[in-house]
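**Student:** Each chain is listed here by its residues.
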Amino acid sequence: MKRTAFVLASSILLAGVSTASAQTMSYAEAISQIATVCKNDIARYCKGVPLGPRLRACFDANAARMSPQCQQTTGVVYASITRRATAQRDIGDVCSADILRLCGTSFADANLVTCMAGLAPQAMSPRCYQTFVDTGWATEKARP
Amino acid sequence: MKFHHTLAIGALLCAAVVTAALAQQSINSSQMATSLANVSGNNRLSMTGAQMRQAVLDYIRDNPGALPPRPMSFPQLEGLTQFVVEVDFDFNSAVIKPSSYRTVGAIADALHHPLLLGYGFLVIGHTDSVGSRQSNVVLSQRRAEAIREALVDPFGVNPAVLEAVGMGEEQLRDPAHPTSGVNRRVQLVNVGKKFCFGRSGEQFLCQ
Chain U
12 MKRTAFVLAS SILLAGVSTA SAQTMSYAEA ISQIATVCKN DIARYCKGVP LGPRLRACFD
72 ANAARMSPQC QQTTGVVYAS ITRRATAQRD IGDVCSADIL RLCGTSFADA NLVTCMAGLA
132 PQAMSPRCYQ TFVDTGWATE KARP
Chain E
384 MKFHHTLAIG ALLCAAVVTA ALAQQSINSS QMATSLANVS GNNRLSMTGA QMRQAVLDYI
444 RDNPGALPPR PMSFPQLEGL TQFVVEVDFD FNSAVIKPSS YRTVGAIADA LHHPLLLGYG
504 FLVIGHTDSV GSRQSNVVLS QRRAEAIREA LVDPFGVNPA VLEAVGMGEE QLRDPAHPTS
564 GVNRRVQLVN VGKKFCFGRS GEQFLCQ
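Protein sequence lines, in the order shown, are assigned to chains U and E.
Count along the first sequence starting at 1, add 11, and that's the number in this note's numbering.
Count along the second sequence starting at 1, add 383, and that's the number in this note's numbering.
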């Protein structure tokens with residue numbers, strides 16, 4: 012009984028932590044923050060550098076000279092992009108057991124997101140839930 | 384189903400008629416994903432990117448002149464689901480302008496949509512008629528590759544599902560105004576399911 016209560020309490024805690032951790036931004040929102048906040052820094056330090064790995068490398072190389080706002084934004088934005096991309100890449104592995112058990116479907120089924128979004132967070136393993144949140148699929152889908 | 388169909392056609396018409404209105408801010412990645420996912424049956428592209436690039440060069444060789452006599456037809460692309468967006472580049476360069484970063488991000492959002500998991504896409508670049516036809520093929524190829532590169536890193540799209548093709552000015556959208564901005568565009572084409580997924584999320588080549 013005590014053990015059950017403990018497990019329950021910790022899963023609620025974990026779920027609470029997961030819910031509390033910031034959501035990832037859509038890629039459109041994330042990269043447009045860089046375009047807006049870092050406009051002048053790009054023009055000054057990274058002119059002609061293509062969007063992609065080379066732009067990020069340019070930001071890294073010039074971090075000390077960039078405006079504090081741009082420096083902070085690139086940090087937050089690339090962290091969000093990486094978290095979302097990693098979650099979208101890994102969700103099939105991380106959640107396969109939960110998906111099969113709770114949705115009765117394999118990964119990449121058209122109804123997967125609808126099913127997962129309808130589940131209580133505690134129903135999934137904490138890691139699966141966090142990965143699902145990080146993919147942004149639930150919130151993207153909810154958008155009009 | 385009917386509804387989806389209407390939506391996709393609506394989006395395509397929109398894309399075809401009012402590119403200018405489809406500029407940066409108004410791109411909706413969910414709508415783009417829904418349109419691109421509207422695949423009828425088992426439609427697949429029957430030629431490789433290399434064959435398409437060769438076909439464009441052959442078309443220029445067989446139809447010489449300062450301008451293409453008529454837009455090159457690509458029957459292999461007909462019947463494939465597609466979406467047209469506008470991406471701005473620096474003049475005569477393959478560097479995407481920061482004002483179009485959002486659009487590239489929105490394409491990434493769409494390609495990562497669960498509806499499109501495992502599908503392959505062509506990223507086709509088109510230019511206006513400024514410059515020679517051959518140089519525009521090269522420029523549009525580099526531009527399509529620049530978009531592909533950004534979609535892969537930082538946005539994590541699987542490089543194996545993306546093929547870049549430059550069509551230069553061979554498919555002007557507004558042949559009466561060959562230098563008009565409406566001709567400069569990027570076409571995303573769903574070329575069919577490439578990767579399938581197993582029960583434990585593992586990915587493998589379909590068929």
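Treat the hints with care, as some may be off.
[To be verified] Straight-line alpha carbon distances no greater than 20 Å define the calculated DMTMM-like cross-link-like pairs of lysine to aspartate or glutamate that follow: (1) E:Lys480 to E:Glu528; (2) E:Lys480 to E:Glu532; (3) U:Lys58 to E:Glu532; (4) U:Lys58 to E:Asp536; (5) E:Lys480 to E:Asp511; (6) U:Lys50 to E:Asp471; (7) E:Lys480 to E:Glu469; (8) U:Lys50 to U:Glu40; (9) E:Lys576 to E:Asp473; (10) U:Lys58 to U:Asp71; (11) E:Lys577 to U:Glu40; (12) U:Lys50 to E:Glu528; (13) E:Lys577 to E:Glu461; (14) U:Lys58 to E:Glu528; (15) U:Lys58 to E:Asp473; (16) E:Lys577 to U:Asp109; (17) U:Lys58 to E:Asp557; (18) E:Lys480 to E:Asp536; (19) U:Lys50 to U:Asp71; (20) E:Lys480 to U:Glu40.
[Said to hold, decoys possible] Some residues of chain E that are not near chain U, with every Cβ distance over 10 Å (derived): (21) Asn421; (22) Gln437; (23) Gln465; (24) Ala477; (25) Ala543.
Treat the hints as calculated values from the structure; they're not laboratory data.
Ideal Cβ positions, reconstructed from N, Cα and C, are used throughout, including at glycine.
**Student:** Give a verdict on every hint.
**Tutor:** Do the hints match the structure? See the list:
no. : hint                 : in the structure
1   : E:Lys480 to E:Glu528 : holds, 15 Å
2   : E:Lys480 to E:Glu532 : holds, 15 Å
3   : U:Lys58 to E:Glu532  : holds, 18 Å
4   : U:Lys58 to E:Asp536  : holds, 19 Å
5   : E:Lys480 to E:Asp511 : holds, 17 Å
6   : U:Lys50 to E:Asp471  : holds, 15 Å
7   : E:Lys480 to E:Glu469 : holds, 11 Å
8   : U:Lys50 to U:Glu40   : holds, 15 Å
9   : E:Lys576 to E:Asp473 : violated, 34 Å
10  : U:Lys58 to U:Asp71   : holds, 14 Å
11  : E:Lys577 to U:Glu40  : violated, 28 Å
12  : U:Lys50 to E:Glu528  : violated, 23 Å
13  : E:Lys577 to E:Glu461 : holds, 19 Å
14  : U:Lys58 to E:Glu528  : holds, 19 Å
15  : U:Lys58 to E:Asp473  : holds, 10 Å
16  : E:Lys577 to U:Asp109 : violated, 25 Å
17  : U:Lys58 to E:Asp557  : violated, 32 Å
18  : E:Lys480 to E:Asp536 : holds, 17 Å
19  : U:Lys50 to U:Asp71   : holds, 16 Å
20  : E:Lys480 to U:Glu40  : holds, 16 Å
21  : Asn421               : holds, 12 Å
22  : Gln437               : holds, 26 Å
23  : Gln465               : holds, 20 Å
24  : Ala477               : violated, 7 Å
25  : Ala543               : holds, 13 Å
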